Every structure is written in structure tokens, then in C-alpha cells.
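Let the hints inform the model, and build the full structure from the sequences given.
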Amino acid sequence: MRILIHAIHYPVCSARYAVDAFKRLGHEVYHIGEETGRNIWGMQVPAEYEWKQDSGYIAWVSKDLKFDLNIVMDSHSSVLDNHGFKFVEEPVVVWGVDSHVRDYRRPYFNAYFLAHKSVSIQPYDENTFWLPCAYDPVAFPPSPIPWEQREYDVCCLGFMYERRWKIVNAMREAGLKVVAGCGMVYDQYRDIHHNSRVALVSSFNHDLPIRTFEGAGMGCAVLSDETPDLRWLDPQAPIVQCMGDPDGVVRLMVEEAQRLQSEPEVAEACQQWAASHTWDHRAQVIVNWFTARNGGAA
Amino acid sequence: MSQKPYLNVGAGRVILPAPKPAHYGLIPDGVCDYALWVNADRNAQPGIDVVEDLFTFPWSFEDNSFDGILFSHFLEHCPHEIRLVSEMPIVNDIPLRPVERKTADRLRSMQDGWFALMYEAWRVCTPGSLIHILSPYAWSDGAVTDPTHTRLLTPASFTHSMQPDPNAPFAYATGGLHLVMDEPPRVNLTPAFQHLAGQPERLQQALNTQINVAYEFYVRLRVIK
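These protein sequences, in sequence, are chains C and Y. The first sequence lines up with residues 285 to 582 when you count with my numbering. The second sequence lines up with residues 3 to 227 when you count with my numbering.
One thing to keep in mind: the hints can contain errors.
[What the hints assert, rightly or not] Under the rule of at most 35 angstroms between Cα atoms (straight-line distance), these lysine-lysine pairs were calculated in the DSBU-like manner:
1. C/LYS450 <-> C/LYS401
2. C/LYS450 <-> Y/LYS227
3. C/LYS450 <-> Y/LYS22
4. Y/LYS104 <-> Y/LYS227
5. Y/LYS104 <-> C/LYS461
6. C/LYS370 <-> C/LYS350
[Stated by the list, open to error] These stretches of chain C come out as covered by chain Y in the derived footprint (C-beta under 8 angstroms, 3 or more residues):
7. 339-350
8. 436-446
9. 506-514
[To be verified] Negatives, chain C to chain Y, calculated, CB over 10 angstroms:
10. CYS297
11. GLU374
12. PRO391
13. GLN406
14. PRO407
15. VAL422
16. GLU540
17. LEU544
18. ALA553
19. ARG577
Calculated directly from the structure, the hints in this document are not laboratory data. None of these values were measured; they are calculated from a predicted model. We put the CB at the ideal spot given by N, CA and C, even for glycine.
Put into C-alpha cells, the structure is as follows:
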């Protein structure tokens, strides 16, 4: 199948993972969209992480190449409101990881695959399907560092809003060695997780983010606040969830982070669980939808 | 690894990463949250990673060691003389370090301690890095009355001889550093002039002609290599 993915080309974005996933599944994939160069999150990443659109741009404009499926993987209006989609014959679907903060509905989209269910602001109808986030097993393989030799007790990598700092500071005051902050991408992000025993995931929306799957896949014990979608996805998931009032959750997270230091089996269970939650698995769902729509032909 | 830490020069008691302190208001969100920092100061305090007098040169860091630098209320203290780490009297038990003849000659040839400092910042940063600067605004009580301030700075201080310019009427010896201001500077206004915040032309006129209009400014420089 020949696929064209539409997204702003940030150095780090779900579209980039999706391109690789579809390619691993054996499909011909192109990608098109505005390039942001090295800029993301108000900083610059090393030049090697830039993501440039490929010849899909020319193919889209010249219409020399016919695509079987268009996938829109961005919540920015410059992508969603591209009226060129009105004149496209082949199906156009949305694969949205920001459905907890974005409504992707437009008249010209054939289906929606949304990452969030219980916290989705877009209602589900017959053309809307739940497709949770996942992780890239090639970019973020399991940690090769033995449990006892990992440098950090806890890692918390991402945008550090106030709640995350509160949890991190409480952990540090309790004597845990915590690495926290934003700006780490790919190799550095991977290396820090590989060197950590616990991955702390705290989302103010109580959504199920990519970070949960990445931390698990890299062999960390994942410690999270309450995540309703995780209970929907797999009630038996080995992710440790802390529930209660905000201050109670902070105390509980400190206790659980301390407990998990001596329980590598939790991290092993997380890693095995994550093996079924890669971007490849998610991409296959979209392929299956397309196949069924075409009467069995892909 | 490709990503390098940021350097917090003259960290003092502000150890990064940390929630952005209130007095760092002009610094963009996210800078203080960057996960990897090297906190450097000449006083050994909890959280300081490198104890070094960064007004002596050369710095101990290798070329291209950092992806960013923060100078928060540091540069206005920069001495005019160029002090080498091999010659300074020992302060705070910081040991002297030998300096290669070639490096010493290069440093001593610079026009002023200012250029030695800015050259070192440029040298230790990777291409494209950002240098974040927070300083008292020259024409304000805070800038003038502090006896440890050796120089008065405005945003214009960072457009003067910061990049090679064959057409410049004078050629200060800068070691060849190349820094460009890649966004407009920001200022913190004193209460009496808050009303000019949304009036850029009137604000600029006031800054050009009156004192105590702004008490602090922020500029961001990009490292060109």
C-alpha cells in the first residue's frame, strides 16, 4: 500500500514514528509538511535530528504518484484545514494523538483514529476509533544496563509544569536520585531511561501518553497517576497507578518510587507488556481498517 | 551522545534544572527546565557541579561542550583585565592551572576581559547554541549603585563587536567570536514606566533619554560557527 502522511515536520513527533512503523510493516510511505528544522519546544536539537519531508511533497503537488491512503497526523489548523483534501479521491483519515486537547473533525476526513478515549474532547461516532499511543521499539529498545547499576532512581523527562516539579522535589527530599527536565530527544532520552529504574509519568489531563509506553519498553518500572484509559486498555497492565487527592498522590508516588527500587520484576513485566504496544501494532490497525473498507484488498 | 548540557555560569544558589525562579521572569519558559545542566560557580555550594572562577581564562571546558549557556546577573561583574588561570592568586582553594603559550597569547591579545569572556562562551558552545543573558539595565539605580558592577550594559552591548565585520571603523581583538542576537531583547520596566509596555516607539524614546525606565533586560545570542 502507498501511504502519504501529512504532518508538520518537527524533529520529534508521532508522525515520524508512524512513518517508520508503516515502513517496517512493508508499506511504501511518503511524508509531507512544513519543516521546523531543529526547532522544537523553544530550543534547538542537534542537526542530525532534523526531519525533512521527502519526495512525497512533489508527488502530492504534481499528482504523479497515486496514493492509496492519506493519513493526517497533526492537530495544527494549517494541516487540518488544508482544503486540498476536498479534492482527494483516495481516503483521508486522521491519526490523532492530541484528542485530549483537540477536535479533529472536518467534512473531508473519512475516519478518525484517536489516541484518547475517556479524556477525548472529540466525541466518538461510527467513523471514530480508539487507537492508543505506543512506542518505537527500534528507537527505544530495552535497557542493557543491569538494574543495580543504573544511575538514577527515577527519571521524569518532559515539559516540567508545576505538578511534576512538586512530585520530583518530594522524591528528592525523600532521598531518591531523580533526573528531571525537558529537552531530551532520541539518543539522550533513551540513554537516560536506560540508566533509570523508575519512569515517572504524570499528565495533568490524566491521559495515557506516549511516555508510558516508552518508559515501559525501555525497561523502567512505570509509575503513573490515575489513567482511566489504561484500565480500558488493559486492567492487568503492570503500570503502577497512584490515585487519590493531589497531595495524597504525591506522598503515594514517593512511597511507590522507593518500593520499586527493589522490585526489578515490575520493570521486566512492564517491558514485556509494552512489546504488544508498539507503533507497528497501531499502524496495523489502520491497515486493517483500509483493507476491510476495500473489501479485503490492501 | 549528541545532546550536550547547558552551562549555568555563576549559578550561586540557583541550581538548575528547577522551576523557573520568579526573578527569572524574562527568561523564556523551558530554559530552566532543560534536563541537563552544569552549574558552575567559584563558591562550592550544594548543587554546584564545577567550582571554577569563570572570570579567569581559559575555562576548563572543552570546545563545543554545551548546547546553551545562561548568564544571569553575571556579565556586569566582568573585569576589564584578562586574568589567566595560571597566574591568579588562589581564591577559595581553586588551584591554578597551566595554560599553553599559544592560548595565553591569544587571550592576552584580546581587547578587554569582556571579549575573553564572550570568546570562552562562544568556544565552549556547539554551533547554533543559544546564550541567554539577564542583566541589570545600564541606566538604572540597580546597575549603577552596586559597587561590584564593573560595566554598564544594555542590549546594544551585545551588538558591538560580537561578529566579524570588515567594514567596522575599528577592529577590536575578539578572537574571532561570532554571536548574533536572534530575537528582539526584552526589558523589565520600572513601575513609573509600565504604561509604555505596549508602546514600543515611546518606550524606546524613554530608554534613550531617561534613567530608571527599565531595571533589567534579557537578550538571546546565537552561536555561529
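Tested hints:
{"no.": "1", "hint": "C/LYS450 <-> C/LYS401", "in the structure": "holds, 27 angstroms"}
{"no.": "2", "hint": "C/LYS450 <-> Y/LYS227", "in the structure": "violated, 39 angstroms"}
{"no.": "3", "hint": "C/LYS450 <-> Y/LYS22", "in the structure": "holds, 13 angstroms"}
{"no.": "4", "hint": "Y/LYS104 <-> Y/LYS227", "in the structure": "holds, 21 angstroms"}
{"no.": "5", "hint": "Y/LYS104 <-> C/LYS461", "in the structure": "violated, 42 angstroms"}
{"no.": "6", "hint": "C/LYS370 <-> C/LYS350", "in the structure": "holds, 16 angstroms"}
{"no.": "7", "hint": "339-350", "in the structure": "violated (count 0)"}
{"no.": "8", "hint": "436-446", "in the structure": "holds (count 4)"}
{"no.": "9", "hint": "506-514", "in the structure": "violated (count 0)"}
{"no.": "10", "hint": "CYS297", "in the structure": "holds, 17 angstroms"}
{"no.": "11", "hint": "GLU374", "in the structure": "holds, 38 angstroms"}
{"no.": "12", "hint": "PRO391", "in the structure": "holds, 36 angstroms"}
{"no.": "13", "hint": "GLN406", "in the structure": "holds, 28 angstroms"}
{"no.": "14", "hint": "PRO407", "in the structure": "holds, 33 angstroms"}
{"no.": "15", "hint": "VAL422", "in the structure": "holds, 17 angstroms"}
{"no.": "16", "hint": "GLU540", "in the structure": "holds, 22 angstroms"}
{"no.": "17", "hint": "LEU544", "in the structure": "holds, 21 angstroms"}
{"no.": "18", "hint": "ALA553", "in the structure": "holds, 27 angstroms"}
{"no.": "19", "hint": "ARG577", "in the structure": "holds, 42 angstroms"}
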